[in-house]
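Let chain A serve as the given structure and place chain B on it in line with the hints.
Which chain is which? The protein sequence lines are A and B, in order.
Its first residue numbered 1, the first sequence is counted upward by one per residue in the working numbering.
Its first residue numbered 1, the second sequence is counted upward by one per residue in the working numbering.
Derived by calculation from the structure, the hints in this document are not laboratory data.
Among the clues, some could well be false.
[What the hints assert, rightly or not] Below, computed lysine-lysine pairings styled on DSSO-like, alpha-carbon distance capped at 27 Å:
| no. | chain 1 | residue 1 | chain 2 | residue 2 |
| --- | --- | --- | --- | --- |
| 1 | A | 456 | B | 124 |
| 2 | A | 544 | A | 554 |
| 3 | B | 310 | A | 419 |
| 4 | A | 456 | B | 42 |
[Claimed, not checked] Here are some chain B residues pointing at chain A (derived, C-beta under 7 Å):
| no. | residue |
| --- | --- |
| 5 | 51 |
| 6 | 151 |
| 7 | 289 |
Being a predicted model, the structure only gives us computed values, none of them experimental.
C-beta atoms are modelled at their ideal positions from N, C-alpha and C, and glycine is treated no differently.
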Amino acid sequence: MSENQSIADKPAMPERKIVSQHIIEFVSDAGEGAQTAGQCLGTISAKMGNGIWTVEIIPAEVEPPRRSRAGASGNRVRIGSKTVTNAGDQADLVVAFNEQVLYSRFDVGALREGTIILLDNVWQSSDDPNIQKEFEDACADFRNRKADIRFVPFEAETKKIIRDPRHGKNVWALGLICAIYDRDIKLAENEITRKFAKKSQEIVDANLRLLHAGYDWAMQNMDLRFSIPAHSAPVPQIVVNGNIALALGIMASGIEVCSMYPITPATSISHYLAEAFPKMGCVVHQAEDEIAAIGFAIGASFAGKTPVTITSGPGLALKNEFMALAIMAELPLVVVIVQRGGPSTGLPTRVEQGDLLSALYAQPGDAPKIVMAPSTHEECFRFVITARKLAETFRTPVIILSDANLATGQQPIPRPSPKASWFAPPIDLSDWDESVPPFEWDPETGLSQRPIPGQKNGNYVVTGLAHDQAGHVAYESSINEKALQARSRKLATLQHALKSPQIHGDPNGGDLLVVGWGSPRGAIEEAVDTLRAQGINVSSVTLKFLSPLEPGLKEIFSKFKHILCVEMNYSDPKEFNDARRYSQLCTILRSHTLCDIDCWSHVRGIPLTPKDIEKAILDHINCSC
Amino acid sequence: MSITDWTLEPRMREFELGDYIGAAPRWCPSCGNHTVLKCLQKLCKELNLPPEKTVVVSGIGCSSRLPHHMGTYGFHSLHGRALPVACGIRARRPDLSIFVVTGDGDCCAIGAGHWLHALRYNMKMTVLLLDNNIYGLTKKQTSPTTPAHTKTNTHPNGAPLDPVNPLATAISMTNASFIAQCVDWLPEHLYYTLLRAQAYPGLAFIRIRQRCPHFMKGHLDAFINDINKVQLLVDDNGVDPGSLLQTHHAVEHDPTNFDKAMTMAQQNDPIPLGLLYLNENALHYDAFTQKGIVTSEEEKLATLEAEFDKFAIV
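Bound conformation, chain A alone:
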């Protein structure tokens, strides 16, 4: 049934309210498919030309107990008329399959007064009086919180079409949302067909019936109608999450070996790669542990194939000894770290930016390496291509610090056009010039060329011991200092080649400059735009290189009255005075620039929101004035 027919059936249709953006959430018990519904809504909207950003709501377990707050699973989808750069503040509308999972959203402050809640009321008539009571109590509580609750019979309506509503109410709900938000039902059909393509035709057909049933039910029974007009993107786009963007970047970079060990939230990179990489003649090696994963990568690197290894914070901790070897032996290597909450096992599925200092300093001794942080999905893709080249030019590991927010959020990005120049050239096995030692450190740049096994006359021994230019073990003080200097100089050389970072706002200066890195960029810039529109003289800058730092920071900082680092890792409040520990980027920038830089950070395991940041900026300006 087409949309037009539905509308014709219901002549007294309410008018659609045009909104520039809305935040919609689906929450359910794990296994009820709320994530699928959210992803589909995101993709459909992106295909309609809307800006989108999606965030997964993930429980820590595979199948946690049903009807529990901690077991909430789902997806937040922010849809806008223009490009959307972050997950936004509180939700405008939530689909919840039970009241307990809904509680989890109140708990994290994801909902506000007036948030429209479409709640399944099947629990009202539960056989279990306890459940009935829990439901009634919760609804009373939600009303006290001034939520706009509307009961929707998700389960009852789904049961009319299939036997087990747990495997269908998500798509029925998607249909409902498509009706409420004027989504193109043809695109929705295509998405459902694509999503279930690997299943039987029977399952595809059942889901298409569910989609239409949800759609029609909303048209006939609900008075909610919104429209989010799309500003179609002028260029062809692809819709990816950050992990897929990294995986595509790995494929495009000419890297042939991905060596990994499963760890949340990084693993989905290798899930996709394991399928796609062999088609390019490349290999994903699942090692026996994190240490072996980087060891294998380093072996491949020594043999001439710059590899990538993928991990998260705890995995990085295990890899540090090998990381130091790669730095000492000057072997190129790309290390992707998708950060999660720490320390220790921490919050495996939640976001944090707590691994910056460990990426920079956790190895034994002085271990300079390149560290980059993508702040958008497009950068996730592009930075890998750059990282492989930097690793080879500078003979060093390059760390790419992503995070769980980028990893799981979906966003449209311009479709890249593959270029042969992205790929690595074949291994050069021509004869090595015997007069050139394997570590011929240039005194100015620290750079040198390395022989690859197979190159005649290049024979040398890689060692983690202190060594001279010939690679021979050397304990002499002067040689050790010279070697450390050469490895350090490489970072200075790279810094000279980098540009100063661009200011979002007013490059000439102002009252306050927010400094950030990684995924909070979208929320930071949105907050800055909102405040600037209110006449507040605030700007922001996002650092893409953390080691070496981009040049000119001190000069940029000097133009602003206050500098505030905003990031997702721990910092003490100001009241701690001398004992205060600053956030991680702040710590680095204070030492680097000797400027009195302040910080505002949180470690709630959820992305920073524009509202949080606005408040932090205003608080800072007000209390500093």
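Chain B only, in chain A's frame:
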């Protein structure tokens, strides 16, 4: 010429022993490491392996200094971690000859996890366990293969546990395929074992019982002084015993029989020498990692386009 050959040699090069000799060793005089080094150099010469196509990988410890003394490419890696590095080298380079040198602490303690998994990967390389039953470089600490009651700096009243049996452990690992044993005082047998290993298409693991004149003075003397305390294993599939057959006791041993191999691995006296276990049906992980190494740039670009299309907004 097969498709996996990376270079075309215009003419056959002849190498001399000197081509395989690197920096002079600094091991104690009469350390077993010297014998292993010489046998390895002789093997390279005998097989005329191009030094630039030969890689010796090691971990950390006395024996792991060996790559520095070879004239080939070498990788002196981290304590216990030689095998992941060697597997990574092998991953995309079928053209290289790879040797791994590891000690009893390196292999059976800190690197034990990698050891078992490398045996299972069964990628083509020769792995030499230089087992002197003690930590030497760090000065006489108990190693996993130190006999019980041996007094060491970490167990001054004697090692509290029976030692690990590296042979039985290796044979028991799923997909392990070539497990042999040698002793450092019979270099001819070691040489023939290396020769057999080098011709083998998977991971050949050779445990070498070895003296440590400094910290385990005389601990193998009983075996060295009595030729009846070693036993040559003879089989068509096994190691050529060479001239030792005329002087030493020999027994028939079918290395393809797992139970017999396990029984032989438990035999401490006399020491069985040669190929204890052979499983030519074991799968090779290099067949997986080397798939597609000749994929052309055009094919890669086409795949990339197709993958982008999967995520495209139409």
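Practice item. Mind listing which of the numbered hints don't hold for this structure, in increasing order? Key: 6
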